[in-house]
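Asker: Put together the whole structure using the sequences plus the hints.
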Amino acid sequence: MAYTVVGKSINRVDAVAKVTGQAKYTGDFIERDMLVGKILRSPYAHAIVKNIDVSKARALPGVEAVLTYADVPKIKFATAGHPYALDPKHRDKEDRTILTSKARFVGDAIAAVVATDELTAAEALKLIEVEYEVLEPLLTPEAAMREGAPLIHDDCERNILSSYGYEIGAIEEAFQEADYIFEDELETSIVQHCQLENHVSCAYVDSDGRIVIVTSTQIPHIVRRIVGQALGIPWGRVRVIKPCVGGGFGSKQDVCLEPLTALMTLAVGGRPVRLELSREECMIDTRTRHAIKYKIKTGVSKDGKLIGMHIAAISNTGAYASHGHSIAMAGGTKFRILYPMKALKYEPLTVYTNLPVAGAMRGYGSPQITFAVESHLENIARKLGIDPIEFRKKNLVNVGYVDPLNGNTVRSCGIRECIEKGKELIKWDEKKARYKNQAGTKRRGLGMACFSYASGTHPVGLEMAGARIVLNQDGSVQLQIGATEIGQGSDTVFAQMVAEVLGIPVDMVHVISTQDTDITPFDTGAYASRQTYITGMAVAKAALEVKEKILDFVWGMTDIPAHALDIKEQNIVYKHSGEVVMPLAEVALHTYYDTVFARPITSDTSNNARINAFVFGVTFAEVEVDLKTGKIEVLEIYNVHDSGKIINPQLAEGQVHGGVGMGIGYALAEQMLFDEKTGKPLNNNLLDYKMPTIMDIPDIGVAFVETFEPTSPFGCKALGEPPTIPVAPAIRNAVLDATGVAFNRLPMNPQRVFEKFKEAGLI
Amino acid sequence: MKPVPRIKLKVNGQEYQVEVPADITLLELLREYLSLTGTKEGCGKGECGACTVLMDGQAVNSCLVPAAKAEGSEVLTIEGLASPDGRLHPLQEAFISEGAVQCGFCTPGMIMSAKALLDQNPHPTREEIKVALSGNLCRCTGYAKIITAVEKAAAMIAGEGRG
Ligand code: FES
Ligand code: FES
Chain L
859 MAYTVVGKSI NRVDAVAKVT GQAKYTGDFI ERDMLVGKIL RSPYAHAIVK
909 NIDVSKARAL PGVEAVLTYA DVPKIKFATA GHPYALDPKH RDKEDRTILT
959 SKARFVGDAI AAVVATDELT AAEALKLIEV EYEVLEPLLT PEAAMREGAP
1009 LIHDDCERNI LSSYGYEIGA IEEAFQEADY IFEDELETSI VQHCQLENHV
1059 SCAYVDSDGR IVIVTSTQIP HIVRRIVGQA LGIPWGRVRV IKPCVGGGFG
1109 SKQDVCLEPL TALMTLAVGG RPVRLELSRE ECMIDTRTRH AIKYKIKTGV
1159 SKDGKLIGMH IAAISNTGAY ASHGHSIAMA GGTKFRILYP MKALKYEPLT
1209 VYTNLPVAGA MRGYGSPQIT FAVESHLENI ARKLGIDPIE FRKKNLVNVG
1259 YVDPLNGNTV RSCGIRECIE KGKELIKWDE KKARYKNQAG TKRRGLGMAC
1309 FSYASGTHPV GLEMAGARIV LNQDGSVQLQ IGATEIGQGS DTVFAQMVAE
1359 VLGIPVDMVH VISTQDTDIT PFDTGAYASR QTYITGMAVA KAALEVKEKI
1409 LDFVWGMTDI PAHALDIKEQ NIVYKHSGEV VMPLAEVALH TYYDTVFARP
1459 ITSDTSNNAR INAFVFGVTF AEVEVDLKTG KIEVLEIYNV HDSGKIINPQ
1509 LAEGQVHGGV GMGIGYALAE QMLFDEKTGK PLNNNLLDYK MPTIMDIPDI
1559 GVAFVETFEP TSPFGCKALG EPPTIPVAPA IRNAVLDATG VAFNRLPMNP
1609 QRVFEKFKEA GLI
Chain U
30 MKPVPRIKLK VNGQEYQVEV PADITLLELL REYLSLTGTK EGCGKGECGA
80 CTVLMDGQAV NSCLVPAAKA EGSEVLTIEG LASPDGRLHP LQEAFISEGA
130 VQCGFCTPGM IMSAKALLDQ NPHPTREEIK VALSGNLCRC TGYAKIITAV
180 EKAAAMIAGE GRG
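So the protein sequences, as listed, match chains L and U.
If you read the first sequence in our numbering, its first letter stands for residue 859, the second for the next number, and so on.
If you read the second sequence in our numbering, its first letter stands for residue 30, the second for the next number, and so on.
Be a bit skeptical, because a hint or two may be false.
[What the hints assert, rightly or not] Chain U regions said to be covered by chain L (calculated; three or more residues, Cβ under 8 Å):
hint	segment
1	60 to 71
2	165 to 172
[Said to hold, decoys possible] Subject to a maximum C-alpha distance of 27 Å in a straight line, what follows is the list of computed DSS-like cross-link-like pairs (lysine-lysine):
hint	chain 1	residue 1	chain 2	residue 2
3	L	Lys984	U	Lys74
4	L	Lys1289	L	Lys1252
5	L	Lys1538	U	Lys74
6	U	Lys159	L	Lys1300
Just so you know, these hints were derived from the structure itself, not from any lab.
Ideal placement from N, C-alpha and C gives every residue a C-beta, glycine not left out.
Answerer: Structure below.
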């Protein structure tokens, strides 16, 4: 299909505001006399508050309110940013109150103060006297599941939050049928989002007595509901406003600050309060990525076909449930489409521990399981002595395949082309031959890894999106969406879609970037790489409705039937000849001011997308490993994606760059460290945590295999999260190729690599 | 109570005299007292570079500079980079056209660090650009398009003969 705006690298609609410092983020809403909120955090990983005395803090001049667990509603609520489930069985685990009398990790929120300024608030925290009864900290899933271990939450036996898995086919039969059986154990580390903007919320009570919360979130409509639930007030009494967001990556697909901020403003008579986390706080008391351990057993036939796979997983979800139960399942679901096999059994355990809360993070369980499975497949290929690419190709999915459990269908699939492209870009064959017999202390190697992922959450979650378009007097339009721009570029691609349908330039589509639950159409928000695909359907629907109304109006003005008309380059034209009938602006003016027929044109629509689309892709990496220092350098890296039709190539490439950067950090450096005895965080700051700097990222090659996904009006599919998914296993497989050493644990930092080389007798 | 000094400084070409608490940083002075919120805080500890501004031509982490230290100095923030007539600086134009902006939270600091570089070294290599920006973290872009944008801005400035 020939598009004029879709598929073009137009500039971001918010770029000028962002390069001039005009873009307003939550922290930029500075009101005079805004009060400052601060949280008192537990110094113990597991402890019961026996006594708390806040009298001295209350008496400090400048302190406006002090809150403890005794002052918060006795309501347990869930924080995960999912749509509300009408069916109580499908609700998220309600396991926390706004402040707690039982600390479940170092940093858990025990009390809070509201004061006139930062210093006074910090001073007041020091004056709160707490007496703790310290309990045994359970810092690993093994410790937490041990017989007789104390319970972190009373209602979860052996601290297991959930154990929901599945079995496709008969796994034992499959293993009997297989010619070879392979087993591996692999594990990933706890990492953190490190979005540049820390979590921050402001709240006040308006003149109607409603709580207004300005907050840095990916999910404003969900925040409204959860604040209502946590405070036990009608949801309509909460208004949530989401301005520019300085990155989220899933950490803001969770309701971390808003209920407490709402409570703070209520405690001071509705005056504005700001609660802003420091980087140190943000890294321990928002969300992290689950560390997961896998045991994988796979049956393979002589000719390299996968017959059956058994995956047992133990996921460390930290102190509260957040998304934990759902992440284990999502990871175990989205990967399985890539290599259909006779039998697949997945047995995950999601376990509470006394560590920071793990939640949603870019890829939502897929980076973990993809690291495990793609590393495992590489090991198998080596042991069988078959080419790892040929091995994967023998087992890849085809168009038409239907997931046996959720019914989602592969309608477009470019994975084979992605692999071919990546192979060619990195010069696989040539380099493989060149690196065959290496000696010396610097060795090079090549690796690759594939992934599959989904576009949104259907059929597990509701996929609702809303869009509103208003035709202005000059032929331009406003576009409002409930979907949130958090840096990924969604506002821009929606503007392109509207411009495409309405035959107007992008700069005549005014996107209202701020979401305000009072005004904005309902949409569940930015997660699961859903917006371009799912919200795109609602945007297209609204734009088509506006177009139809415009052409109908012209019919009334001219007697030319609507079906004979089209809109091109801001003109109403004859569809067949392109001959101009009249300018769109003239029609628009008549819709407002024709004394007889005026009827301003709008569309306000929503779309319940009961569909999903699979995306695929691959990373190819070339590394150089220094045997003496354990340093791994990524020399070349290419990500090739099938995300369907690419709406804006430059933005899409930017998503891939960022995702690959995050994947390189995951592979080689990043991990949250805790004292093994006390659970105290050791590196919750940007200096010690070691997220990649500009010096750590090599040039990143990006390519797209543009299939056309028939379920999307523009042929597009998910792209936001996927680039991160296959990076770590590709690098790991390249290191294996270079050195013969199979790493089964992330990250592969110099210390760990060095130790492993020693163990392997390489040095 | 600590004394409230009056600080005199020039920001984006404009003279200011402000009374601020003795212990605040230049970042707080800019954001909270002058309402120049374009400069961002990502850590408050000198680790991320989001708060970078130019002080007497040098790139500094404004979260580490006591406001009192800015007495008598000339500060340039992201708000002061475009010409008074609204024409964007080549760095701003290049960040837009190269797609170097995503969430935009690191962008003001990145651009100011890049400005300091180009003022001192109008024709940097990619390696020199990396070194100059190594104190500025970005989680969104993988840095690729940022490097290209700085290269492009350097070429634009050379072509235009403006700085
Ligand atoms: S805020 Fe100043 S360096 Fe991070
Ligand atoms: S653009 Fe988001 S941190 Fe750089």
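Asker: Each hint needs a verdict: does it hold in this structure or not?
Answerer: A quick look at each hint next to the structure:
1. 60 to 71: Holds, because 10 residues of the segment 60 to 71 of chain U bring their Cβ atoms closer than 8 Å to Cβ atoms of chain L.
2. 165 to 172: holds (count 8)
3. Lys984(L) with Lys74(U): 21 Å, holds
4. Lys1289(L) with Lys1252(L): 23 Å, holds
5. Lys1538(L) with Lys74(U): Roughly 20 Å between the alpha carbons, so the hint for lysine 1538(L) and lysine 74(U) holds.
6. Lys159(U) with Lys1300(L): 25 Å, holds
The structure agrees with every numbered hint stated previously.
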